[in-house]
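S.K.: Combine both chains into one complex, guided by the hints.
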Amino acid sequence: MFRTVTIRKFDAVIVGAGGAGLRAAIALSEAGFKTAVLSKVFPTRSHTVAAQGGVAASLGNAEEDHWHWHMYDTVKGSDWLGDQDAIEFMCRKANEVVIELEHWGMPFDRLDNGRIYQRPFGGHMANFGEKPVRRSCAAADRTGHAMLHAMYQRNVRAHTQFFVEWMALDLIRDEEGEVLGVTALEMETGDIYAFHAKATIFATGGAGRIFASSTNAFINTGDGLGMAARAGIPLEDMEFWQFHPTGVAGAGVLITEGVRGEGGILRNSLGERFMERYAPNAKDLASRDVVARAMVTEINEGRGCGPHKDYVLLDITHLPPETIMKRLPGIREIAIQFAGVDPIKEPIPVVPTCHYQMGGIPTNYLGQVVVPGKRSQNEVVPGFYAAGECACASVHGANRLGTNSLLDLLVFGKSAGETAVEELKKMPKAHKDLPKDAFERTLARLNRLETQKDGANVHETRLLMQRTMQKHCGVFRFAHLLKEGVDKILEVQKRVEQTEIRDKSKVFNTARIEALELENMIEAAVATMVSAEARKESRGAHVRDDCPDTPECPNGRDDVNWLKHTLWYKEGNRLDYKSVNLRPLTVETIPLKKRAY
Amino acid sequence: MASRTLHFKIYRYDPDKDRKPYMQDISVEVDENDRKLLDALVKLKAKDDSLAFRRSCREGVCGSDAININGKNGLACLTDLSSFPEGKPIVLRPLPGLPVIRDLIVDMTQFFKQYHSIKPYLINHDPPPERERLQSPKDREELDGLYECILCACCSTSCPSFWWNPDKFVGPAGLLAAYRFIADTRDQATNERLDDLEDPYRLFRCHTIMNCVDVCPKGLNPTRAIGKIKALMVARAI
Numbered sequence: 001m002f003r004t005v006t007i008r009k010f011d012a013v014i015v016g017a018g019g020a021g022l023r024a025a026i027a028l029s030e031a032g033f034k035t036a037v038l039s040k041v042f043p044t045r046s047h048t049v050a051a052q053g054g055v056a057a058s059l060g061n062a063e064e065d066h067w068h069w070h071m072y073d074t075v076k077g078s079d080w081l082g083d084q085d086a087i088e089f090m091c092r093k094a095n096e097v098v099i100e101l102e103h104w105g106m107p108f109d110r111l112d113n114g115r116i117y118q119r120p121f122g123g124h125m126a127n128f129g130e131k132p133v134r135r136s137c138a139a140a141d142r143t144g145h146a147m148l149h150a151m152y153q154r155n156v157r158a159h160t161q162f163f164v165e166w167m168a169l170d171l172i173r174d175e176e177g178e179v180l181g182v183t184a185l186e187m188e189t190g191d192i193y194a195f196h197a198k199a200t201i202f203a204t205g206g207a208g209r210i211f212a213s214s215t216n217a218f219i220n221t222g223d224g225l226g227m228a229a230r231a232g233i234p235l236e237d238m239e240f241w242q243f244h245p246t247g248v249a250g251a252g253v254l255i256t257e258g259v260r261g262e263g264g265i266l267r268n269s270l271g272e273r274f275m276e277r278y279a280p281n282a283k284d285l286a287s288r289d290v291v292a293r294a295m296v297t298e299i300n301e302g303r304g305c306g307p308h309k310d311y312v313l314l315d316i317t318h319l320p321p322e323t324i325m326k327r328l329p330g331i332r333e334i335a336i337q338f339a340g341v342d343p344i345k346e347p348i349p350v351v352p353t354c355h356y357q358m359g360g361i362p363t364n365y366l367g368q369v370v371v372p373g374k375r376s377q378n379e380v381v382p383g384f385y386a387a388g389e390c391a392c393a394s395v396h397g398a399n400r401l402g403t404n405s406l407l408d409l410l411v412f413g414k415s416a417g418e419t420a421v422e423e424l425k426k427m428p429k430a431h432k433d434l435p436k437d438a439f440e441r442t443l444a445r446l447n448r449l450e451t452q453k454d455g456a457n458v459h460e461t462r463l464l465m466q467r468t469m470q471k472h473c474g475v476f477r478f479a480h481l482l483k484e485g486v487d488k489i490l491e492v493q494k495r496v497e498q499t500e501i502r503d504k505s506k507v508f509n510t511a512r513i514e515a516l517e518l519e520n521m522i523e524a525a526v527a528t529m530v531s532a533e534a535r536k537e538s539r540g541a542h543v544r545d546d547c548p549d550t551p552e553c554p555n556g557r558d559d560v561n562w563l564k565h566t567l568w569y570k571e572g573n574r575l576d577y578k579s580v581n582l583r584p585l586t587v588e589t590i591p592l593k594k595r596a597y
Numbered sequence: 001m002a003s004r005t006l007h008f009k010i011y012r013y014d015p016d017k018d019r020k021p022y023m024q025d026i027s028v029e030v031d032e033n034d035r036k037l038l039d040a041l042v043k044l045k046a047k048d049d050s051l052a053f054r055r056s057c058r059e060g061v062c063g064s065d066a067i068n069i070n071g072k073n074g075l076a077c078l079t080d081l082s083s084f085p086e087g088k089p090i091v092l093r094p095l096p097g098l099p100v101i102r103d104l105i106v107d108m109t110q111f112f113k114q115y116h117s118i119k120p121y122l123i124n125h126d127p128p129p130e131r132e133r134l135q136s137p138k139d140r141e142e143l144d145g146l147y148e149c150i151l152c153a154c155c156s157t158s159c160p161s162f163w164w165n166p167d168k169f170v171g172p173a174g175l176l177a178a179y180r181f182i183a184d185t186r187d188q189a190t191n192e193r194l195d196d197l198e199d200p201y202r203l204f205r206c207h208t209i210m211n212c213v214d215v216c217p218k219g220l221n222p223t224r225a226i227g228k229i230k231a232l233m234v235a236r237a238i
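Note that the protein sequences, when read in sequence, are chains D and C.
Using the working numbering, the first residue of the first sequence is number 1, and each one after it goes up by one.
Using the working numbering, the first residue of the second sequence is number 1, and each one after it goes up by one.
It is possible that part of the hints are untrue.
Just so you have them, the derived chain D footprint on chain C, three or more residues with Cβ under 8 angstroms [stated by the list, open to error]:
1) 15 to 24
2) 52 to 61
3) 145 to 154
4) 179 to 190
Some chain D residues well away from chain C (every beta-carbon gap over 10 angstroms; in silico) [what the hints assert, rightly or not]:
5) V5
6) R142
7) R157
8) P435
9) K506
Please keep in mind that the hints were generated in silico from the structure rather than gathered at the bench.
These figures come from a predicted structure and were not determined experimentally.
Heads up, the beta-carbon is just placed ideally off N, CA and C, and yes, glycines get one too.
With the rest of the complex left out, here is chain C (with noise of 0.2 angstroms):
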């Protein structure tokens, strides 16, 4: 891919000097050296210095730079700059359903509030042994799927169940790393994290509408594991 134009529409919000909002028409120049939609931005801020978004690994696995690309929220590190049509318009926006602190950058305090809120940490009330903990790793296995999650908040905040109660649903991040626990052979503490979660809103909030599955950059599975804390509760009342 020699050079060419891409072109931009980038959502811009400064409160220092903007009263709202706008949509920025902004073009830059890529080389086949820019393969990501992330290069681009980094070339783009070379031209416009005020141009604020987050950034840090570029490889996919720190997920700072969730935002929301033609309409579909993914992490602009691992997004190709040549799946984008010719001739259309990139349109940027922040993560959508969270305030906006600057440009593409959000508040994800409602986001890191939901999953602390699940305990996120093992919890096991045995003496500690001298030697690690034994688990199968067949028991290991279960884990996969669930840990691997990088907290881009990309599911929750495509997931309109959050956009309507970010404060009462727990969202389908802070659900996978929920079930992340309770599937872990080493924790104990099983039904106090079904308790906390069985009420209207932390988990059944949840109407399966699979965005979250959709646009995680990972390839994870939340629905499927708010499915699996679902059975646990059927599965403990009777």
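Pulled out of the complex, with its shape left as it was, chain D reads as follows (with noise of 0.2 angstroms):
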């Protein structure tokens, strides 16, 4: 049984070591705070290291741009559901979280003029939505890579204090809502910590694992989602989430859309580049969610590739050898590796697969997690910070455009820490008392584990949740599928509550940790059902049959009844609703439109 509780204390606590918990602890320590890093694994190994294509910015090294066309790119590839400040403010700070890595010892590709590289990418466009620009900054397509390692290194300069391989169980609040930190496991021992903190920054990334066919790592486990709907916070807009259009068929990796960038084709059984017929203008280049749909509706409609008809192909194999070698060298080693297919000669077998997870918990765009109370519809949580995927700002609404999630990291995994160095500042010298309850959740949930008898599988249990997922809330949505998806969902809960685990040992006991993500995901897994379900409209990667495209909802969008932000709580498996931002920091505000490329 778990029963005593180690305390420390710190000024800050992040948790998550990607991209934006590792910016974020760059702007603490380097002004001086007593930060902890808490991450399941060691730094360089958290899912940021897996993007390949690029960042976005509007550095105009290649051709013209501007952070204001970028803007518009990504109010219109969230389907107008991104909040305009954020985006705005995103948008207008790309330029300089991009050059700060540079300064730290990122090794971007150059142009001959010795700038940084940059690629077209999807629903990036040039003149409010003209024609394609490059606006990704990219280090061959191994970009996330060489900025985790980037701002790891930059890290060890600033002698960030890391708890490499704990994992974060719990957000400690006390009775007036304010967060004090959290608690966790130190997975070498089995022993049981609190994190006693000022400020609290999140930066836990997605929880791409709850479907079967996902691009995500085995880590990805919604941890921060966990923690915070158990703590009684709401889950913002969890229905929004990216399939992207190229994972290697059957095994799920990532294959960048910055192939398409470079010129890939997708192509159909009978050769035909069929983006052509679904998005006139971009082509392969439209926004994710355009080019998943496009695919699905090819697979279906009997035009798929290979035996069994069930994937589409993606063809560089007109691209000079010599391109492919410099600009895509990791997507040919996946090829081989996992597609068995060297891409200078085959296409790529590619289909739509689990990518990335719009919503999240509730933030404004400095970073602090914001939920409805008595004054407003976004009231600050005293100590309480998050940034990254596991974040919803919102700044990419319905659908995020390609090179936005490193941008989104880097710009508010630096606010969230900068936001967290001023409140700290202002802060008496003394922590908070600790509440009595401190870690009653946290000891009830671990003994529940250790004492259950007659339990549900773990393994069996993730892949029932993740079967369903994948079934009832997939690239498209029906109304029945989806009805059905929430009683199943809720009845897989039942048994997440009653897992078993046969291993009861101390050290490093990874039947426990699986045992515990798998309580997180389920929280991710239920909030995106009961959300879907909810939600009457086709917009951005939620696309349902029974909202076609009409000419009161073009696309099946909905602004009169459904241009608002969902949130769902825990307690209760209640939905709330809030508006959305359409009002920008400094220019105007970007019109509802059609959206088409």
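M.R.: Take a look at the structure:
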């Protein structure tokens, strides 16, 4: 049984050491605050490492560009569900955060004039949607790896204190709702600790593993979402999941959109470049939701490739082999390893694969977590910040543009860190007392798992959840499947509450860790299904069969009733809504318009 | 490939209950969807939840699942199940030369200590310009084959020099990182970096055995980087 919790005090605790966590840590460490960074894995193993194609910034190195065009593209990409203040903030900050990384040693590819190399990417256009623009700053097709290592290295220089292979378990909140840190499990010893802090920053990444077919790493289990939900924080816009058009068929491993940025073409079984029919202007570089749906439509209409006609082909055989070797070397490795084809000679079989969670813990553009309260729909939760994929600022709205995720984690990782620095400066020296019941939830969860008899198998329950999500809440959504899906996922939730592990040892018990992760995943899964079932419109990545394209609702989007953010609360499995912020910080609103590429 | 049974011999050690490590015979059914060794390990864990190993990205870029496979270090997620001969058990052990925490999980403290010791960050004393520091494509190319390291430790833990002196010899991964910064035109600390490595152990314990090159799952060549560091030391001495 778990009884004791050792308390450690820090100014700030950051949970997660991917891009957002590391960027926040740099801000706090360099400002001299005593900061603990907790991570389930060694920092450079965080999933940011797998990002490939680039980070968006209107540097204008390759051709004319402007942050305002980038902002327009992001708002349009979000299908107008993104908050325009946060989007303006992000696009204006892009150059600064990318240049910073270059100064810290990130090995960007270069243009002949020595500036950072930029390539085109889906949905990124010049002059307010006119034609594709080269905006994605890239380090070959290993941008995430180059970025994560550069930021880890900067943290080594700043002497950030890492707690490697520690898993945060629960948020500590007092009666006034103030966040005072987290409880955590040290994997190597199996001991339980509390990190008592004046600022708590979640940078825990997405929950992409709730789907059966996912580009995501095993560790992407939505831990921050689970912790927030259990502590009474709502989750925003969880119905919006990005299915990346090009996951390797069967394996799910990501093939960057940068492949299409470099000239790659999607083909059906007839050899046809089918995107010309779906997006006559942007073609293969249309927004991800548009391309993914086009692919599934081709497959559903019998024009898929292979013996089961269940994938399409991504063709780069027309590109010079030198370009592939220089700009897409990692993709070639992946294609050979996971698809068994050399893309220089043969096209790669691909299918849309769950990739990114647009929703998450609601924040403002300063990285502060905000929830509806008596005074406003966005009241700050004192002491609590979130950034990166686990957060919803909301810049991606109903659909994220490629390369905006790395930008998101840089901009909001930095702003969460800097806001925390400013708040810490104003706070008294002493820590606020921990509430009496600070560790109760954590100990109850651990001890439930210790004593469970005749419970559910973790592996099987997880599979059931993943298959339920995949079947009932995929690329296209059907009213009757969503309705059934809600009942089914709530059934799965009951099993998750009764999981049993055979291994009760303490040292590096990965069975216990997986059971605890599943408790986080199920919160994200229930939030997703319930929110998706409720949203009776088609918008961005959420497209329903009962909400088709009509004159009143172009593309099925219903701005009269559904131009609003969803908020899902764990308690009572209840939904609430809040309005979208259509007011940017300095420029005019980008007005609502039917989305076409 | 239809369903087939794979037989394993796996190093097991749980300090909570085992007085000493042992090799466990265990088998598992795999089907045509299981292509890599990691797929089989995940199935093994479903059978016996006490089996402990690290894994994350499952695509060879995070460096978590480095283990010793039939005597050779490699990543489980990049090792094809079809590469194993039929009928012979697959022998899995933790990376050699580092303390074992449990089963296939080793304590990597010493490995990262060496990585940190080379100051793995860009050192440039000039005030940063408003825009990016310029670097020609040719100068940038110098970093290819260096920056891609995933810190999996396959190389250092296959290096006899690192086994004997893990506290004093930087090891191939750390030295590759050292040369990554030396080779970067934006870095201004070449001399200090060379001074730091000019030591009978830190650099010169490399005897070009080249196990590191043989096992690197990313196809990198630490031995060549070490050779270049040595050449720079010679060049500045004359």
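S.K.: For each hint, tell me whether it holds in the structure or not.
M.R.: Hints and how they fare:
no., hint, in the structure
1, 15 to 24, "holds (count 3)"
2, 52 to 61, "holds (count 10)"
3, 145 to 154, "holds (count 4)"
4, 179 to 190, "holds (count 4)"
5, V5, "holds, 20 angstroms"
6, R142, "violated, 6 angstroms"
7, R157, "violated, 4 angstroms"
8, P435, "holds, 33 angstroms"
9, K506, "violated, 6 angstroms"
Against the hints set out earlier in the document, violations occur for numbers 6, 7 and 9.
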